[in-house]
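> So the chains spell out like this:
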Amino acid sequence: MFRVASRALRATKHRPTRLVEPARTFFVSAIRTEGLRLNSLDTFTEEENMFRDSVKRFAVDVVGPKVREMDEKESMDPTIIQGLFEQGLMGIETSAEHGGAEASFVSAIIAIEELAKIDPSVSVMCDVHNTLVNTILRTYGTKEQQDKWLPLLSESKLGSFCLSEPASGSDAFALQTRAKKDGDHWVINGSKMWITNSHEAEIFLIFANVDPSKGYKGITCFIATKEMGVQIAKKEEKLGIRASSTCTLNFDDLRVPAENIIGGEGKGYKLAIQILNEGRIGIAAQMLGLAQGAFDKAVPYTYQRTQFGQPIGTFQGMQFQIAKAAVELETARLLTYNAARRKEEGRSFTKEAAMAKYWASQVAQDVSGSAIEWCGGVGFTRETGIEKFWRDSKIGAIYEGTSNIQLQTIAKFIQQEYSR
Amino acid sequence: MRPSAVRLLNILVPIKRAVDYAVKIRVNPEQTGIDLNVKHSMNPFDEIAVEEAVRIRERLKDAVKSIKVVTIGPPKSAETLRTALAMGADSAVHVEIPESAPSPEPLGVAKTLKALIERQKEGVDIVILGKQAIDDDAGQTGQMLAGLMGWSQATFASKVEVNPEQKVANITREIDGGLEELKCKLPVIITTDLRLNEPRYASLPNIMKAKKKPVEKLTAAELGVDITPRLETIKVTEPPKRVGGGKVANVDELLTKLKEAGFTGKRA
Chain A
3 MFRVASRALR
13 ATKHRPTRLV
23 EPARTFFVSA
33 IRTEGLRLNS
43 LDTFTEEENM
53 FRDSVKRFAV
63 DVVGPKVREM
73 DEKESMDPTI
83 IQGLFEQGLM
93 GIETSAEHGG
103 AEASFVSAII
113 AIEELAKIDP
123 SVSVMCDVHN
133 TLVNTILRTY
143 GTKEQQDKWL
153 PLLSESKLGS
163 FCLSEPASGS
173 DAFALQTRAK
183 KDGDHWVING
193 SKMWITNSHE
203 AEIFLIFANV
213 DPSKGYKGIT
223 CFIATKEMGV
233 QIAKKEEKLG
243 IRASSTCTLN
253 FDDLRVPAEN
263 IIGGEGKGYK
273 LAIQILNEGR
283 IGIAAQMLGL
293 AQGAFDKAVP
303 YTYQRTQFGQ
313 PIGTFQGMQF
323 QIAKAAVELE
333 TARLLTYNAA
343 RRKEEGRSFT
353 KEAAMAKYWA
363 SQVAQDVSGS
373 AIEWCGGVGF
383 TRETGIEKFW
393 RDSKIGAIYE
403 GTSNIQLQTI
413 AKFIQQEYSR
Chain B
1202 MRPSAVRLLN
1212 ILVPIKRAVD
1222 YAVKIRVNPE
1232 QTGIDLNVKH
1242 SMNPFDEIAV
1252 EEAVRIRERL
1262 KDAVKSIKVV
1272 TIGPPKSAET
1282 LRTALAMGAD
1292 SAVHVEIPES
1302 APSPEPLGVA
1312 KTLKALIERQ
1322 KEGVDIVILG
1332 KQAIDDDAGQ
1342 TGQMLAGLMG
1352 WSQATFASKV
1362 EVNPEQKVAN
1372 ITREIDGGLE
1382 ELKCKLPVII
1392 TTDLRLNEPR
1402 YASLPNIMKA
1412 KKKPVEKLTA
1422 AELGVDITPR
1432 LETIKVTEPP
1442 KRVGGGKVAN
1452 VDELLTKLKE
1462 AGFTGKRA
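So the sequence lines, in the order shown, correspond to chains A and B. Per the working numbering, the first sequence starts with residue 3, numbered consecutively. Per the working numbering, the second sequence starts with residue 1202, numbered consecutively.
So here's chain A without its partners, still in its complex pose (with noise of 0.2 Å):
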């Protein structure tokens, strides 16, 4: 037994610590590397690229146009977000059945990513959509509440997820808005703050605490209808990503019924934890997204403005910098989809979800504030839209998780992995 373990030891090159693992090594690597096709980190179905192409085409025609003015006015064009249901991109992994597309979740990462290429605005609406409302009731609802809930959100309705408050943001389950059973409803009160899409959502995934007493394991997600009550209240003016709609919400006895109780009382802490993982991917995909956006903008200026004699992007100086800035967004890309793909593939992909995440709003404010500086002053002004890209990552390293938290996750992996 010893001898045919080993020998798929070599051939997989696994070096365990223990004798014990042989064997157990040898039963998952064999039966892994059989049916494995072992294809590079780019390689793509007919249908993804298909559906890239897609994204594509109505990213640069029917969302290009209006990037600059909605950035002025911070709002969001109604139109674009009814186009954005009309292509199917508002549930993209949700059931032909409920009125999705059925596709993969790197589908949805390839088109988080082409709308970032045009405008992370956008992106992140479909991001918070698919990879947090969406991912949330198909994970975790019951069966009517996915027949009642996911058809509308892949038809009209917009969604908000709903988990941080003004003195909780990485200290998330340090939430205070609190949920009191009342007969066959939940009486909820309290505020969320930094809620991405609620200017423009119908539907609210709200988390609250049923049993303080209980701490962390008291939190429940709630889903509610801004008809129940959900007060908007100060849209935030930011630096970036204005058009997405960032407020403060206010519930004020908000009376949400017994059965809008997803995934079960008191398990929202887990809940959000394991959505906000995947969430993390996506996001890397907006950054991803927004850096190549940046890049491809900025690039063919610079073989085309001429100073002394030559395209400025000839200059070695020039040449090194654009090199260095292509090497930094294939890595970020080819961590955003290894981790996608470790999650289709059913591996674990936390650590990797974190890195990616983590790096790529690294990567993506490194290549856009060069991409402004290889434009020169053509780069600073608003008109070319290229500024615009700057502002919108400094939000990356902030939002769905700080960079820190990224790190102290990668952190506890690698102390795990390194201290038995």
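Among the hints, erroneous ones may be present.
Unchecked claim - Straight-line C-alpha distance at most 20 Å; calculated SDA-like pairs for lysine to any residue: (1) B:1412 x A:101; (2) B:1412 x A:98; (3) A:145 x A:267.
In short, the hints are calculated from the structure, not lab data.
Please build the complex by placing chain B on the supplied structure of chain A, with the hints as guidance.
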């Protein structure tokens, strides 16, 4: 052969995979053609044709029985068929030619389409093609097909209205003088002009549904058609580079220069 009185319409839409309209094309070093190692997509006029077929169905509903798309091209053309299926076509035919084979010419395409139409047991009532392909700009296939089939034709259509009960189509054509309205008896060949419609984007749910739609593979030989090219391209060059202009002092000098260059009717 002639469609009977009570019958649903079958629409055929031939499409071509051509160099994408946004690509900056370059002549290849041998000067035999353009560099084809670039992005390809469905010919824009063919997209308009597919869109029109889908809109006819949206207007006439059950009166349209099937929308079939066909392409004559290398294996990669299958992608173009899938896009058409995602836009709303029901089924596709791929007349496959080898990767290395030269691009088929309009007459070869028209003959192949004729063979396909005659092969269709249920007949074809409307053939909608793009008015021209943006790679060769020939603008001949639709007209040649109409001639071979002996069918009515309306080219450069900017508006199409089909009346299945009367078996006619009212078509507005864009011509040099303005607009011409034709009433054509079915079966009819229509070629699309730019202003006919704005093609839809293939939405994700439709892309996923397109996976399940049937694609039939054939060869020109199986259809009994010879598509060997009859034209030989001798040379392809870029347009001559713009030579600098000059300044003139006044209108008289301008007139003199124009006469010298031979741009007026009068001799210098």
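> With reference to the structure, classify each hint as holding or not holding.
Results for each hint:
1. B:1412 x A:101: holds, 17 Å
2. B:1412 x A:98: holds, 14 Å
3. A:145 x A:267: holds, 17 Å
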